[in-house]
Structure formats: structure tokens, C-alpha cells
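The lines below spell out each chain.
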Amino acid sequence: MRIASSFALAVAAAATAAAAGHADTNRNELSFGGNARALRTSSANAVTGDNLAGLSIGAARDLALAPLPGLALWAEAGLTTGSADGVMFQTMATELRQLGLTGGLAARYRLHRLVTASARVALGAQRAELHVDGGGSVAQSGQAWGAVAATGAALDLFATSRPPFGIGMRVELGYLAAQGVGLAMHRDSADAVAPLAIRDLMLGQLDLSGPSFAVSVLGQF
Amino acid sequence: MRDKLLRMSPAAALIAAAALAVTACWSDDRPIRWSRSRTVLGPIALKAHVAYIDPALDRVVLVDVTADQPVISHTAIGRRAMYAVPSADRHRLFVITRGEQAIHPGEIDQPPMFWVVDTQRPGAAAAYPIGSPFDRIAVSPDGTLAVAYYSASGQDAEGVFRNPNELAVIDLARPPGPSNPALDTIRSFGSVPDGIALSPPIVLAGSPDPTPRTFAFILSASNLTVLDATHPGRRELSIRLDLGGAPVVPREVVFAPGSASAYVRSDHARDVLQVALEAQPADPTVPGDNDFRAIVAELGAGGGPSDVAIYDDAAGRRVVLAATPDTHEVVVIDADTAQFRSIPIADPINRILLFPAGDGPPHKALFASINGGAAGGASRLWVLDLDHLGDPLAQVALRRIDLDKPVRDVVAVPDRDLAMIVHDDARTVLGVVDLATTATAPLLGTGRLDSYDFSPGGGYLIGATSGVARIGFVALDNLHPTDFRLDDLPVHVLATANGKIFVDHGSALGHATVIPSPGAARGDAVVLSGFLVAGVLDEED
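Protein sequences, first through last, are from chains B and Y.
If you read the first sequence in this note's numbering, its first letter stands for residue 1, the second for the next number, and so on.
If you read the second sequence in this note's numbering, its first letter stands for residue 1, the second for the next number, and so on.
The set of hints was computed from the structure by calculation and includes no laboratory data.
Mixed in with the good hints, there may be bad ones.
[Unchecked claim] Covered stretches of chain Y, as calculated for chain B (at least 3 residues, CB under 8 angstroms):
#1 28-37
#2 65-73
#3 524-531
[What the hints assert, rightly or not] Calculated Cβ distances over 12 angstroms to all of chain B for the following chain Y residues:
#4 Ile103
#5 Ala173
#6 Leu237
#7 Gly245
#8 Thr285
#9 Ala297
#10 Leu354
#11 Gly390
#12 Ala412
#13 Gly458
#14 Arg485
#15 Gly519
#16 Ala534
Even glycine gets a Cβ: it sits at the ideal position worked out from N, Cα and C.
Make a model of the complete structure from these sequences and hints.
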């Protein structure tokens, strides 16, 4: 009982300190930008020599917790898309698409009134889709979901950060570890009436892990 | 201000370090293997498998069609496969890989290799370094020896020198070693090999060595070279074929069953050449001297034979049938006595088929004039009864089969007294002739017969037209045609020895329909999709 009382007092004190510390900052954030991910795994190299490029959308909220002076914890949710085209064996065109959904925590440290550094970790899921055109009449696609873990370090540069509305730009470097997903390829255009039983074979495990880079515009309110 | 900057420096340093690290590992070079050109060899029908050779992924893909659900397996081979042939029993596949020189990152130094892929042990292949980038393979009928040699397709673009008369003799019963393969250069008189035929196991009469051995008959313009392939270190024999006139080009070697004789048909030769091998003691003073000699005899075809067939009749007499279109005759030659009998035929015959074609003495011969009727229309076939041909008093039983159209091709149906006739270049008008009754039946196709095969035992003709998503079957017992509707256009149709029908649809990804039998319903068939790239993402860089 005594320990619980002490913990409650500590949390209340931290929250009070945080509220006091962030009284001049916005507590909600929306971001929109572009991202790129370098594909370095052997399975990704098999299908394309390009890197994934796409869009990212994010939302975050200040949790009003300050574990250390000057440090703020934010809860984040993000959505990323990416695509890359390639050619295998000079003739087989490939199209790689990914959709990622993540949620996580970010620790942000205000270096300056208009400059914030942050580090984040996130967990989520990613849908990888591959389309392979083997020429002739047969093309195949496969898609699968797998887990991802992402981490990154970012620098936020604000034009203005004072409430009620701040706007700035974020540059982030990170790494995304993706679970290898087994891709069973299916024929794209089976337009036959009452088609024959098809046995699709596994293309293998596709691993889209790699370092990432993102630039986004963010607005805080 | 300076203090503030100093306070910021750890975080800034961390960010800078992260930026450097990410930048350093941002991009990599894609391994060169994924950018290789890829022309898949196959499909090749084996006993219960269908094989494809992938020269980009350096592997043989075997589709095992034994069970209801086909099983895919991979066997790794060397770089740049360029030629493949199956063994006579179709249990093994032989592949030559060109190898590679490590010029670009990701390439490896690898010599030319000869690979033996055993379908009963998929996953592992035996490799024999052959030293030179040969691009042709001859395999002995018993599968114990193979000879790799050059085709006559010209200079190898990657080499400085090429010796077109070099060959590698590979003893398939022994593992690779210093003497296996044995590289040899055959004696040349200015010509290069056009082809090699390996004999069945031969025991030389009178030889102290009772071991059956394989002889390689190497065909080149105006020369026939005979090499003891079982003992490749020994000297070869050269037989000059011309007499100073037009070059005599050997085209076909037929080995007599159970004897040490071969019969050679050549362009611009008047007769069929019989080459009989006999034992002869080796000269101990000559290193590598051989222990045999060749006795050459001209069997009097007398008119420039265009096709020959050899058989042993029921009495054990060896008979050579030679078609001589210039004289409009078929010559029946007793190979033992060289006595011959000419049978006049109005058409310039250039195709001879024996029925039945398997073991045992044949009873009938079919003669055809392929493309011979373009001017006047040799729209007929001839059937010769062979059973009483050895009796000089018996009348020659030659029957004429009149057809509606000229003959463009004729193919024996395996294990049956039937032959399929192709009447037009587009292969849309076919016919089946029954040699027992000489009855003919026309078969009309909706399109060009681009690919066909016969089911094991000759029960069905199986055909495909590239523009029609169907497989056609003709039951050869009653000529009843049926169709099997496919989901995709066929490119190649094969019948495996276990009775399955494999329809390849020509996709680089691998797309095929496996039909269990000619009478199967659609529900029994299965489509295999993506089998040529199966597991490709699991390949390590």
C-alpha cells in the first residue's frame, strides 16, 4: 500500500512536471511525406535492383510523460507505402509493392525552440505484394502479411512551433526489420471457365528489411 | 551560446553517426545472377520426370509426375548450361555447362563440366570436368559411356583456339579422375566431326579380351573414324570414304544387333558401307596400339542410298534394306554374303521404317517418298512383307497404298503396326496407315500439329496446336478422336514413360498441365504454376 502510494505520487509529479514543461508546445501531430527503403536482402535483390519508395502518413500525440528533463514521450501511428520495379533475367518484369502499418513510441528532445531530435521504435505489420510477368500469357502475383519492427532517429526543423499551430519538416533515418514472408504465386488472369485445379508453388521467403530514409512535413496542434 | 552548442553536441554527434551509418549501407550491388540472360532448355521427357535446365539459376528442375500431385525438385549444376540429352533408358540426364570466367563481381571461375543428373537421386549431380566447351553429347545405348564433342557450328567466341577434332570420353561407371574423362584428338584429314554414334556393347570375335566394349563411330566429310571408347587411350582407326571425287559425307550409322558390325549410309556414296570389327593383336612396339581392325565392304546398293535399315530375320540372317531413289529401287542385301536383290519401286524412296520396331525380327517394311511427289504426286506408300524375303524363290510381296495427298513425313507408332502420315507442310492433314491391312484413315486437324507424341505402347496419338487451348487424342485402336480442354495455349506436349501427359505452356515462370492419362477428365488434371522459379527467393546471393 505504501509502495503504491509512492508510485502514484511519482506519476502525478512527473505528469505535473511534464505539463509544466510542455505548456508552450503542441501535443498532437500529423505528418505526411515520402519514404525510401534500401532493399539489401538476397530475396529482395532477386526481384529488383531498385529500392522501395513511397508515401508515409503519421499521427502522434504527446503522452505528457517526461522520464528525463527535456525529454518527451510521444505515441505514434504510421502508414507507409512503397513500390519498386525490376527485371529478372533480362526478361521477367517484376513489381514489388508494400503497405506498412506501425505503432510505437518516440522520445523527443528539444534542442532548440525550433529544433527537436527524436528516436523512435515501432512495431507493426507489412503487406508485401509481388507481381512477376514471365512473358507470354502467364503472369503471377503473390502477397502476404508479416510483422515488422522499425527504429529510427529524426530531426525536426520547425518554422514555427508555438501553439496553437506549429509546422515543420522531419528528416528521419532508420532501419526496418521485416519478417520474411512466404509468397505463393497465383496466376493473375485465370479467365478460363471452370478452370483446372491449379497448384501454385512457393516463390520463397521475401524479406524487405533494410535501412530507411523519410522526409515529411508535419503539423502540430 | 558556445555552452549551448556544446550541450547539443552529443545528440548532434549521434544523429550524424546514424546518418553516416545509414548512408554507408544504403545501397548494394545487385548480384549479377539476377541479370543473367536465361534461355531454359527443355522440357525433356524422362522416365517419370520432365526436366528443364535453367542456365541462369544453374539448376535442373525435375517435375516428378509419378504421383497424383507432381513433385518439384532441383539439382544444382554448373554455370551456363548449353546442351542436354537424356540417357536411352531416360533415367538420367546429361548436361554440358560452359562454365565461366570471373570477370565481373559475382562471377566465378569454373571450367566446362559434364553433369550427370540421376532422376532417382535428385539433388545431387556427378560432375566431370571436360576441359573444353564441347556442345554436343553422344551417349552409348547402354548408358555406360558418353562422348562430348564440338558441333560444327563454328569458332567458340570466348576462346583463342578451338580444336574441333578434340573429344572427351567419359566413363559414366567411374567417378571423375585424372583419366576420366579422357581427352583425345582424333586424326583428321582436314574435316571435322559432323556427328558421333556410339555402338551397343560389342565383343570382338577372337579377342582375348571378352569384355564388351563400346566403339565410337565419328562421322566427318570423307572420313569415318572408329575409336575404342572403352579404351580411349588407344589409337583410332580412320577409314577414307571418298576416292578423290566429290566428298562422301557419312550421314547414318546403323549397328547390327548382337555383332561387331555397323552399316554406314553416306551422301554421294554408291553403296552402303559395312564396317566389321575384328580382333587383331596389338603391336607391342607401338604404344597405345589398338587390338582390332576394321574390315570394310561395300554392299551393293548401287545407286546412292538415301536410307537404310538393318535387321536380323527369324532365321538369324542379317539383312540390309537400302533405298536408292536414283534407280527407283529398294535393295535387299544379305549382309553375310553381300548377295542382293533389287526391288523396283516407281517412287524415289527415301524413308524406310520397320515394323515392329522393337526387339525381335520385323515382319514388314514401309517405304515412303518424303516430298518426292511434289511434281507428280507420289501420293502413296509401299509395304514389303519381310517374312519370306530370304527365300529366293518366293515372290516379293510389295503392296502399294494409294493416298489422297503427297507424303511430307511418316512416323512409326511405337510398339504398333501403325504409322502416322503427315500430308502437308502445315501438318494439318494427317493419316494413319495400318500395315496389317494396309488400310488408311485420314485425320483432319483444326490447325497445325505443332507438337505431338505417342502414349507408351502406342495406344494414343497426342497432339497440340499452338493456337488452340486443347490437347487432341486419337485412340489408335479405333481412331476415335477426343479433346481435352486446357486453360492455356499449349506449346509442347510430352508423354512420359509412366503414361502421364505433360503439356508445357511456354512460360518462363513454368506453367504446365499434367493429365494423368488420355482418358482422364478435367477434374483429374492439375496445373502446375511457377515451378521454374519455385524457391528462387530462397537462393543465397
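Q) Do three or more residues of the region 28-37 of chain Y come closer than 8 angstroms to chain B, measuring C-beta to C-beta? A) Contact hint for the region 28-37 of chain Y vs chain B: holds, 7 residues under 8 angstroms.
Q | Ala173(Y) and chain B, when compared Cβ to Cβ, separated by more than 12 angstroms | A | At about 36 angstroms from chain B, Ala173(Y) clears the 12 angstroms cut-off, so the statement holds.
Q) Ala412(Y) clear of chain B by more than 12 angstroms, beta carbon to beta carbon? A) holds (32 angstroms)
Q) Far enough from chain B: is every CB of that chain over 12 angstroms from the CB of Gly519(Y)? A) holds (16 angstroms)
Q. Can we confirm that no CB of chain B comes within 12 angstroms of the CB of Leu354(Y)?
A. For Leu354(Y), whose nearest Cβ neighbour in chain B is about 40 angstroms away, the distance exceeds 12 angstroms, so it holds.
Q.
For Thr285(Y), is the shortest CB-to-CB distance to chain B above 12 angstroms, so the non-interface label stands?
A. holds (58 angstroms)
Q) Is the Cβ of Leu237(Y) more than 12 angstroms away from each Cβ in chain B? A) holds (47 angstroms)
Q) Within the assertion that chain B covers the region 65-73 of chain Y, do at least three residues meet a Cβ-to-Cβ distance smaller than 8 angstroms? A) holds (count 3)
Q: Decide, holds or violated, for the assertion that all CB atoms of chain B are farther than 12 angstroms from the CB of Ala534(Y).
A: Non-interface label on Ala534(Y) violated, nearest chain B Cβ at 4 angstroms vs cutoff 12 angstroms.
Q. Per the coverage rule (Cβ-Cβ under 8 angstroms, at least three residues), is the region 524-531 of chain Y covered by chain B?
A. holds (count 7)
Q.
Does Ala297(Y) clear chain B by more than 12 angstroms, comparing its Cβ with all Cβ atoms of that chain?
A. holds (54 angstroms)
Q: Compute the least Cβ-Cβ separation between Gly245(Y) and chain B, then decide whether it is above 12 angstroms.
A: holds (50 angstroms)
In terms of the numbered hints stated before, the structure departs from hints 14 and 16, listed from lowest to highest.
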